[in-house]
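Peer 1: What follows is each chain in one-letter form.
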Amino acid sequence: MKARILQRGDVLKIVDLLRLQGYEVIAPFRGRGRDTYFDTVTDQNRDHLQLHLPNPYYPPKRFVFPPIERMMMFQRSDGKIQIEPAYKHPKRAIFGIRSCDLAGIFHLDRFYLGREFRDVYYENHRRNLFLVNVVCTEPDLDIGEECFCVCADTGPAARDHFDLQLVDLGNEVMAVAGTPAGEMLFSDPIFSKGTAQHIEKRHELLGRLRKSFKKDTTSWFSATVRYVSQGEILEKTWEEIGNRCLECGGCTYVCPACTCFTVSDRQVGPNEFERVRVWDACALSGFTRMAGGFNPRRSVHDRRNRRFFRKLAHYFIQRELSMACVGCGRCAAVCHGDVGMPTVVEMIRAATNEAKPR
Amino acid sequence: MIAASTQNVYLPKAAVLERVVCEIPEVKTFYWRFEDTTEQKAFKHFRPGQFAQVSLFGVGEFPTSLPPSPTEDETFFTVRQVGSCTSALHHLTPGERFAVRGPYGNGFPMAQYYGKNLVFVAGGIGLIPLRSCIVYALSNRDKYQHVQIFHGAKTPKELMYVPKLHEWEQTPGVECHLTVDRATDGWKGNVGVVGSLFKKQGVEIPVENTIAFVCGPPVMFRFVIKDLLAMGFAERNIVSTLERYMKCGVGKCGHCCIGVAYVCVDGPVFTYEQIKRLGEDI
Numbered sequence: 000m001k002a003r004i005l006q007r008g009d010v011l012k013i014v015d016l017l018r019l020q021g022y023e024v025i026a027p028f029r030g031r032g033r034d035t036y037f038d039t040v041t042d043q044n045r046d047h048l049q050l051h052l053p054n055p056y057y058p059p060k061r062f063v064f065p066p067i068e069r070m071m072m073f074q075r076s077d078g079k080i081q082i083e084p085a086y087k088h089p090k091r092a093i094f095g096i097r098s099c100d101l102a103g104i105f106h107l108d109r110f111y112l113g114r115e116f117r118d119v120y121y122e123n124h125r126r127n128l129f130l131v132n133v134v135c136t137e138p139d140l141d142i143g144e145e146c147f148c149v150c151a152d153t154g155p156a157a158r159d160h161f162d163l164q165l166v167d168l169g170n171e172v173m174a175v176a177g178t179p180a181g182e183m184l185f186s187d188p189i190f191s192k193g194t195a196q197h198i199e200k201r202h203e204l205l206g207r208l209r210k211s212f213k214k215d216t217t218s219w220f221s222a223t224v225r226y227v228s229q230g231e232i233l234e235k236t237w238e239e240i241g242n243r244c245l246e247c248g249g250c251t252y253v254c255p256a257c258t259c260f261t262v263s264d265r266q267v268g269p270n271e272f273e274r275v276r277v278w279d280a281c282a283l284s285g286f287t288r289m290a291g292g293f294n295p296r297r298s299v300h301d302r303r304n305r306r307f308f309r310k311l312a313h314y315f316i317q318r319e320l321s322m323a324c325v326g327c328g329r330c331a332a333v334c335h336g337d338v339g340m341p342t343v344v345e346m347i348r349a350a351t352n353e354a355k356p357r
Numbered sequence: 000m001i002a003a004s005t006q007n008v009y010l011p012k013a014a015v016l017e018r019v020v021c022e023i024p025e026v027k028t029f030y031w032r033f034e035d036t037t038e039q040k041a042f043k044h045f046r047p048g049q050f051a052q053v054s055l056f057g058v059g060e061f062p063t064s065l066p067p068s069p070t071e072d073e074t075f076f077t078v079r080q081v082g083s084c085t086s087a088l089h090h091l092t093p094g095e096r097f098a099v100r101g102p103y104g105n106g107f108p109m110a111q112y113y114g115k116n117l118v119f120v121a122g123g124i125g126l127i128p129l130r131s132c133i134v135y136a137l138s139n140r141d142k143y144q145h146v147q148i149f150h151g152a153k154t155p156k157e158l159m160y161v162p163k164l165h166e167w168e169q170t171p172g173v174e175c176h177l178t179v180d181r182a183t184d185g186w187k188g189n190v191g192v193v194g195s196l197f198k199k200q201g202v203e204i205p206v207e208n209t210i211a212f213v214c215g216p217p218v219m220f221r222f223v224i225k226d227l228l229a230m231g232f233a234e235r236n237i238v239s240t241l242e243r244y245m246k247c248g249v250g251k252c253g254h255c256c257i258g259v260a261y262v263c264v265d266g267p268v269f270t271y272e273q274i275k276r277l278g279e280d281i
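Which chain is which? The protein sequence lines are Z and L, in order.
0 is the number of the first residue of the first sequence in numbering that gives the first Met the number 0; add one for each residue after it.
0 is the number of the first residue of the second sequence in numbering that gives the first Met the number 0; add one for each residue after it.
Heads up, some of the hints might be wrong.
Said to hold, decoys possible - In silico SDA-like links for lysine to any residue, alpha-carbon gap of 20 Å or less:
| id | chain 1 | residue 1 | chain 2 | residue 2 |
| --- | --- | --- | --- | --- |
| 1 | L | K163 | L | Y30 |
| 2 | Z | K235 | L | G258 |
| 3 | L | K163 | L | V20 |
| 4 | Z | K79 | L | L91 |
| 5 | L | K12 | Z | D77 |
| 6 | L | K275 | Z | S263 |
| 7 | L | K12 | Z | L233 |
| 8 | L | K12 | L | L91 |
| 9 | Z | K90 | L | T5 |
| 10 | L | K12 | Z | K90 |
| 11 | Z | K79 | L | E95 |
| 12 | L | K275 | Z | E234 |
| 13 | L | K156 | L | K198 |
| 14 | L | K12 | Z | G230 |
| 15 | Z | K87 | L | Q6 |
| 16 | Z | K79 | L | Y30 |
| 17 | L | K12 | Z | E234 |
| 18 | L | K275 | Z | L233 |
| 19 | L | K187 | L | H145 |
Claimed, not checked - Coverage of chain L stretches by chain Z, computed from C-beta distances (three or more under 8 Å per stretch; other residues unrestricted):
| id | region |
| --- | --- |
| 20 | 24 to 32 |
| 21 | 91 to 99 |
| 22 | 202 to 214 |
Stated by the list, open to error - If you only want the chain Z side, here are some residues facing chain L, beta carbon under 7 Å, derived:
| id | residue |
| --- | --- |
| 23 | F73 |
| 24 | R117 |
| 25 | F260 |
Quick caveat, the hints were computed from the structure, so don't treat them as lab data.
All of these numbers come straight from a predicted model, not from anything done at the bench.
We put the CB at the ideal spot given by N, CA and C, even for glycine.
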């Protein structure tokens, strides 16, 4: 991987370069309160861009997997039917994607584009996506109460899957290219060669960062992954987790690695119908209910069991080459019953440990 | 980085409904063909036990078994009217269009069963997916040993594929045993659950070198499994096909996932040994 140095004041010029190349650039912005959100960069809001700010509640997943997406149209005329797929081929760049969300997109890549069937809609969104990763180097601004990327091994500095990675060294920024497309940007005069001191500074900064996380938001996955994979978790533990779940589906909605969707048809004209896919959540009771009413997963703790099994079982980690939890902490922030990932990992670890014969 | 355009696996192909046959109350067989003959040819390579996704425009899509054997000429579905999509299909008249994509799933590994005895146990509409295997086995008769069919229904009116049942009863070298829960309409045959046929005089089920196909409602499934295990069947020699709520059929939407298995791509055919490990109700 190649690296270059640029002045802190020149960093937004990367956004300009990408926009000149025809990319729609998406970046996190600060709202009126403490909240932040992803939006398209325009000439008007370009100067409000910040390198360091809390990661938005809604992950950038929707730019590769929209919450509602038209899949195809059906048109009926003279008894015949026309079936037309609905494709979009956006050319987008996400500037300021955090390492956790980057891992989320990598996970989605493996899931939607791996194995026997490839998902053409996901592929269309993904093909021209340029990812500029910003490493969370300002603990007060970047690292939230709930962040646990150090436990999920996705951050604070991503090792891979970005086109360009920016590490804020103070007055200067180190840019690392992860792909040939990222390296192409280095031909611009804002980039200059770095020295050994820059590398040393980066190393020292990242080492210090790992200690900037809150002590009580750690999530010790390894034991829990083992218990989940070997089916050692007591029904009682799932019941306890289930009792605290309000079945709102919020955790799946904010998760950068959740993949489930439902498909729905609706009439849009006298002889015209559209088929859309919509995010779905395994927390909802209708998720597995079949026509006729039979539901193999009736109780809420069975459904919680499902979510955490799917995310933590070794079989799936191996299948997608990454865990379906990236440590962003959004589920922990959004959950009213406090059964987000870090809590569940701890509940399972403690309860199973205790129950084991010594 | 990411390869150029991929085939759209979600896109169904237009099909024409040709004729409809009433099987039993609420269950009809729909004979259809693809508008495009090349699609029809490609589809005909399905394996017994696979399934297809059927689209009703503006209503939705549902997964359904493929009752025909690939050795037969016609393509058809046998469907119970139970939800909005199946109702929409039931309301179609011959000549009208719907759409189909598939075939999906693993299907029964019929070639692995060469040289074995086959025992088919079907309760009610559980005969729909097994019909494919039975017809397939009988058209490759020399490849299989003894073939036994056990089919049970609530009443004689609810026996599935009656003309086919009669044909199987007349076929030399094939045993076809029928039973009903309640004898009506002058029924002269056996009365009782499917399992009661196993103990009938003259019925002998070979356990050695035998594969048992079991399909039917959950209660029937549990009891038949118990009977078969008591007879000495190994769990891996009992096979069935599972049903789940499904949206995509290609392992992406997540609805049909049980344990580590996506029913749509890893199934729907599983051995009882596998089903037991999935850890969820059938």
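Peer 1: It remains to establish, for every hint, whether it holds in the given structure.
Peer 2: Quick rundown of the hints versus the structure:
no., hint, result
1, K163/L / Y30/L, "holds (16 Å)"
2, K235/Z / G258/L, "holds (18 Å)"
3, K163/L / V20/L, "holds (13 Å)"
4, K79/Z / L91/L, "holds (14 Å)"
5, K12/L / D77/Z, "holds (18 Å)"
6, K275/L / S263/Z, "violated (33 Å)"
7, K12/L / L233/Z, "violated (47 Å)"
8, K12/L / L91/L, "holds (17 Å)"
9, K90/Z / T5/L, "holds (18 Å)"
10, K12/L / K90/Z, "violated (30 Å)"
11, K79/Z / E95/L, "holds (8 Å)"
12, K275/L / E234/Z, "holds (17 Å)"
13, K156/L / K198/L, "violated (24 Å)"
14, K12/L / G230/Z, "violated (42 Å)"
15, K87/Z / Q6/L, "holds (15 Å)"
16, K79/Z / Y30/L, "holds (18 Å)"
17, K12/L / E234/Z, "violated (45 Å)"
18, K275/L / L233/Z, "holds (18 Å)"
19, K187/L / H145/L, "violated (26 Å)"
20, 24 to 32, "violated (count 0)"
21, 91 to 99, "holds (count 4)"
22, 202 to 214, "violated (count 0)"
23, F73, "holds (4 Å)"
24, R117, "holds (4 Å)"
25, F260, "holds (5 Å)"
Consistency with the previously given hints fails for numbers 6, 7, 10, 13, 14, 17, 19, 20, 22, ordered from lowest to highest.
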